[in-house]
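Asker: Now for the letters of each chain:
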Amino acid sequence: MLQKLRFMLLALISSALLAALPLWAAAAPDAPASTLPITTHSKKARQLFDSGLVKMENLHSIEGIQDLRKAAQLDPDFALANILISFESVDQAVDPEEKVAARERAKAARGKVSHGEQLVIDWVANSSEGKIIPAIQAMNSVLEEYPKDKMLAWLGGIWIENQQQITRAIPIFERAIKLDPNFAAPLNELGYCYARVRNFDGAFAVMQRYIALLPNESNPQDSYAEILRMAGRFDDALVHYHESLKIDGNFWVSQLGIADTYALMGDEERARAEYATAIQHAGSRMEAANWSLQSAMTYVREQNYEAADSAFRAVAEKAHKEALAVPEAEAFRMMSTYQANNASAVALLEKAENALDHNNHPLPNMNRQEELALILRTRAERAAHDRNTSLAATTLKRLQGLMDATNDQVIQLQYEGAAGAVLVAEGKYEQALAHLQEDNRNPLSMKLMVVSYSKMGAREVAEELSKTLANWNEPTLEQALVVPEFRAKGAETASTFKRM
Amino acid sequence: MKVFQRCTVLLLFAGMLWLPCEAKNIAVVVSKSNNTGSITSADLAKMLESTSRKWPDGSNVTVVLPGGATSQDAELVVARVFKLNQAQARKFLADHKSVFVTGSSDEDVLNKVGSLPGSVGLVDVYSINNAVRVLKVDGKLPLEQGYLLR
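From first to last, the protein sequence lines are chains A and B. In this text, residue positions in the first sequence follow my numbering: the first is 1, and each later residue adds one. In this text, residue positions in the second sequence follow my numbering: the first is 1001, and each later residue adds one.
Hints are computed from structural coordinates only; laboratory data are not their basis. Keep in mind the model is a prediction, meaning the values are calculated, not measured. Here a beta-carbon is modelled for each residue, glycine too, at the ideal position from N, C-alpha and C. A portion of the hints provided could be inaccurate.
[What the hints assert, rightly or not] Restraint-style ranges between C-beta atoms, simulated for each label pair:
1. B:THR1036 / A:THR167: 26 to 32 Å
2. B:ALA1094 / A:ASN342: 51 to 57 Å
3. B:THR1036 / A:GLN73: 31 to 37 Å
4. A:ARG387 / B:LYS1136: 37 to 43 Å
5. B:ALA1087 / A:ASN342: 42 to 48 Å
6. B:LYS1083 / A:ALA108: 26 to 32 Å
7. A:ARG459 / B:LYS1136: 36 to 42 Å
8. A:PRO171 / B:ASN1060: 31 to 37 Å
9. A:PRO171 / B:GLN1086: 45 to 51 Å
10. A:GLN437 / B:SER1071: 43 to 49 Å
11. A:ALA347 / B:LYS1136: 34 to 40 Å
This is chain B alone, in the form it adopts within the complex (with noise of 0.2 Å):
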C-alpha cells in the first residue's frame, strides 16, 4: 500500500490513483536583499534580450539562467515570454549567450543570485530556499492558475 493524498478516493473516480506529475514551474528569485517584489513579463522579456539592463535603483541586472541538465528550463522561459517553439528558443539562447551568466544546476544558479549584486535568477519553484526571494511575474507567483512561466 501507498502512502496517498488527501484526495485519493476523488483521484480514483476521475480515473486515476495519482495526480499528472512534473508539471514545470519556474520560478524568477532575486537575492533576499533585493526588494524588488513583482516583474512584468515586458520587464522579463527586456532582461533577456538586452546587455543594458537596470533595476529600478539604477544598479545593474544579471540574468542567471539555468544550464547543463536545467537547460531546458531557460529554454522553457524563453519560449513563454517570446511565444517562441523549443526551436526558436534554443537559437534565441545560443544567440544571446554572452547576455547570461549560466548555473550548472538549481542549486548554482541559486548560489549565484546570493553571491552576485543585482541578479535575477531563473529556477524550477521546487528549488527555491529561503535565501532567495520570489518575485510574482505579472501579478502571479509560481503555481497559480495563469502563472506564465509553466
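The shape of chain A in the complex, shown without the other chains (with noise of 0.2 Å):
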C-alpha cells in the first residue's frame, strides 16, 4: 500500500487546478475573478507552475514537485506554488522541512496576494500547525466566496475527507464535478467516499465514468479494482488490476493489489506469489519490507503459525540490517497477536518496543510514537485477554500518556481501542463502547463492539455490525484475525466468541 502514497494529494489536485486558474501571469491583489486569482510576477514561473500540475496530474509527482520548487525560486513570493508544496498531503517527495520553510514563505508573502489566496495560505498553513479551526474556517470562506472554482472545490473535498468527513466531502467532490463533468480527478475520490460510506453502487458508477474519461491511464482501472475488491467481488477486481497493468506494466501497486486480493480470497499460496513479484519491484526498501509483512500475513490467515512466525522473522531481520525500525517493530508486534503463549507474545512486544530504540535505527519522533502506540495498544489488549489487569493498567496509562503528550489521531485511536478492551474485558461494556466506537474502523475493536452490543441486550445492532464484519475486504492483519470468523458465523451475534 505504500506505493499508493506514491501519488498523493497534489497529484489529484492539480487537473482542477490547471483548469481553474486564469491564463494571466500575474494579478494585481483584490482583483475581482470568478475563480480564484493566482499572483505571481514572473511569467516563467507561472508557466512551470502549469507544468508542474500537468505532470503531477499525469502521476509524475516527482517531477511535478520540482517544476513547482523552480516556480518558487523564481518568485519567492509565488504564495499557491508554496503553500501548495508545503500541503501535508502533498508528495512524499517533499520532506518535512521543505514543507515547512515552503509553508513559511507563503506565508511570508501574504500580504501580497489575493484576499482569496490569503484565504488559501491562512487554510493550509493553519492545518499544517495543526491549527484545525482556523484552517475550517478560511476554508470554507474561500469555498464561498469562489462557489464555481472547481479547483477550491476539489482541494476542499480532499482536505475535509483528509479530516475524515466523509458525508460532508462527498457533496463538495460533487460540486466539483458538476461545475466540469470532465474533471475526472474528484471522480476517483468520490467513488471511494461512496465505498467507504458503503454505497457501492455509487462508486461503481463514478469509477465507471473515471475509467471513461481517462482510457489511457492505469490509475482508474486500480482504483476500481480496489472498490470492487472492498465490495467483495474479487474476480472482477483481478480483472480491473490486470487492465491497469496491460496500460501500465510499471504500474506495480496494481500488482500489489491483484496478491491482496488472493490473500483475501483465501488462496493464500497464490498471493505469496504475487506478493514475490510485487516486492521484487517495490520502489524502496521500506516498501518492500511493507509489502513482506503483507505476505508473512497469508501464513496467519491459512492458521500455519510456524510458517508464520518464520516469515515475520525473516522480515524483521532483514529490516534490521537494514535499520528500518518500523517494520522490524511491526513484525514482532503481528507475531505476538496469534500467539497461544502468553509469555511468548509479551516477550514479542518487548522485542518491538526495543526495535524502536536502537541507535543505528533513525526514526522521526512521530513515527517512533505512532509505532510504540500500536504496540502498547496491543499489549494492553493481551493482558485484558489474559485477565493481568495490572500489566493492562500500567499500559493504558503508559499510552494516555504518550496521547495526552501529542496532538496525534493514530495515537489516539490506539488508546480508544486499547481503552475499550480493557473495559470490555471487565464487563462495563458501555464505557467500552463510548471508546470503541471512536475506532470503528479497526476489526479488533468492531469485533469488540459486537460484544458489548449482544451483553447490553442490543441484539440487532450487533447482528448489523456482524454483517459489516463478515464483508469486510480490507487486507490488513486485523481481517485476518477477526473476519473469518464472523464469516464462519454468518450473522450470529459474537456470544460465543472464543476471545473476549
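Now that you have both chains on their own, put them together as the hints suggest.
Answerer: Shown next as C-alpha cells:
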C-alpha cells in the first residue's frame, strides 16, 4: 500500500488547478475573479507552476514538485506554489523541513496576494500547524467566495476527506464534478467516499465514468479494482487490476492489489507468489518491507503459525539489517497477536518496543510514537485478554500519557481501542462502547463492539455490525484475525466468541 | 489508487486503511462582534434551559440551534450538557421549544448568528467560517481531547 502513497493529494488536485487558473501571469491583489486569482510577477514561474501541475496530473508527482520548486525559486513570493508544496498531504518526495520552509515563504508573501489566496494560505498553513479551527474557517470562507471554482471545491473535498468527514466531502466533490463533468480527479475520490459509506453502486458508477474519461491511464482501473474488492467482488477486482497492468506494466501498486485480492480470497499460495513479484519491483526498501509483512500475513490467514513466525522473523531480520525500525517492530508486534502462549506474546512485544530504540535506526519522532502506540495497544489488549489487570492498567496509563503528549489521531485511536478492550474485559460494556466507537474501522474494535452490544441486549445492532464485519475486505492483519470467525458464524452475534 | 494521508502505512498496521469517520464535534459560535472567548458548560446549560439569559455586558442571549436534518446535533448538545440519553434530550428540546431559534441547516444557523444581535449558535465544527467566533467550552475548543460537545 505504501506505493499507493506515491501519487498524493497534489497529483490529484492538479487537473482542477490547471483548469481553474486564470491564464494571465500576474494579478493585482483583490482583483475580482470568478475563480481564485493566482499572483506571481514571473511568467516563467507561472509556466513552471502550470507544467508542474500537468506532470502531477499525469502521476509524475516527483517531477511536478520539482517544477513547483523551480517556480518558487524564480518567484519567492509565489504564495500558491509555496503553499501547495507545503500541503501536509503532498507527495512524499517533499520532506517535512522543506514543507515547513515553503509554508513560511507562503505566509511571508501573504500580504502581497489576493484576499482569496490569503484565505488559502490561512487554511493550509493553519492546518499544517495543527490549528484546525481557523483552517476550517478559512477553507469554508474561500469556498463561499468562489463557489464556481472547481479547483477550490476539489481541494476542499480532499482536505475534508482527510479530516475523515466523508459525508461532508461527498457533496463538495459532487460540486467540483458538476462544475466540470470532465474533471476526472474528483471522480476517483468520490468513488472512494461512496465506498467508505458502503454505497457501492454509487462508487461503481463513478469509477466507470473515471475509466471512461481516462481510458489510457492505469489508476482508474486500479481504483475500480480496489473498490470492487472492498465490495467482495474479487474476480472482477482481479480483472481490473490486470487491466491496469496492461496499460502500464510498471504500475506495481496493481500487482500488490492482485496479491492482496488473492489473500482476501483465501488463495494464500497464489497471493504469496503475487506478493513476491510485487516485492521484486518495490520502489524502496521500506516499501519492500511493508509488502513482505503483507505476504507474511498470508500464513496467519492459513493459521499456519509456525510458517508465519518464520516469515515475520525473516522480515524483522532484514528490516534490522536495513535499519528500518518500524517494519522490524511491526513484524514482532504482528507475531505477538496470534501467539497462544502469553509469555511468548509479551516477549515479542518487548522485542517490538526495543526495535524502536536501536541507535542505528533513524526514525522521526512521530513515527516512533505512533508505532509505540500500536505496540502498547496490542500489549493492553493482550493483558486484558489474559486478565492481567495490572499490566493492562500500566500499559493503558503509558498509552494515555503518549496520547496526552501529542495531538496525533493515530495514537488517540490506539488509546481508544485499548481502553475499550480493557473495559470489555472488565464487563463495562457501555463505557467500552464510548471508546470503541471512536475506533470503528478497526476489526478488533468492531468485534468488541459486537460483544458489547450483544451483552447489553442490543442484538439487532450487534447483528448488523456482525454482517459488516463478515463482509470486511481490507487486507490487514486485523481483518485476517477477526473476519473469518464472523464469516463462519454468518450473521450470528459474538456472544460465544472464544476471545473476549 | 487513493489519495491517502500521511499516516496511511501506520493505519494499515493499525488494522485499517482509513481512519474512522464522522466523529462529530459541535462548535459554540458567536458573531465576530461578540468579544466572548469562552463559556462554561454551566453557562451553556443556563442558556439552554432559560429564556432570561444575559451576556456579561447585560445584553440578551438568543440561542440558535440546528434543526431539520441537523436536529440530531442539537440532541447531542443537550445530551452532553445535561447528561441525558437521546430520548431524554429529544424530550428536553420539545419541552423548551419556545426558548430557541432554530436554523434549518448549519448555514442557516450561521446566518442567524450573524444577523441576530447577542445570538449564540451551535453547529458542526466543519461548517464554521470566518464570520463567526468559536467559543471554548470549559477551556477547550472543538476537536481537542476532552471537548464536551462531541
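Asker: For every hint, state whether the structure bears it out.
Answerer: Against the structure, the hints:
1. B:THR1036 / A:THR167: 26 to 32 Å: holds, 31 Å
2. B:ALA1094 / A:ASN342: 51 to 57 Å: holds, 53 Å
3. B:THR1036 / A:GLN73: 31 to 37 Å: violated, 46 Å
4. A:ARG387 / B:LYS1136: 37 to 43 Å: 41 Å Cβ-Cβ, so the 37 to 43 Å window holds.
5. B:ALA1087 / A:ASN342: 42 to 48 Å: Given about 43 Å between the Cβ atoms, the range holds.
6. B:LYS1083 / A:ALA108: 26 to 32 Å: violated, 48 Å
7. A:ARG459 / B:LYS1136: 36 to 42 Å: At 41 Å between Cβs, range holds.
8. A:PRO171 / B:ASN1060: 31 to 37 Å: holds, 35 Å
9. A:PRO171 / B:GLN1086: 45 to 51 Å: violated, 26 Å
10. A:GLN437 / B:SER1071: 43 to 49 Å: For GLN437 (chain A) and SER1071 (chain B) the Cβ distance comes to about 21 Å; the hint is violated.
11. A:ALA347 / B:LYS1136: 34 to 40 Å: violated, 46 Å
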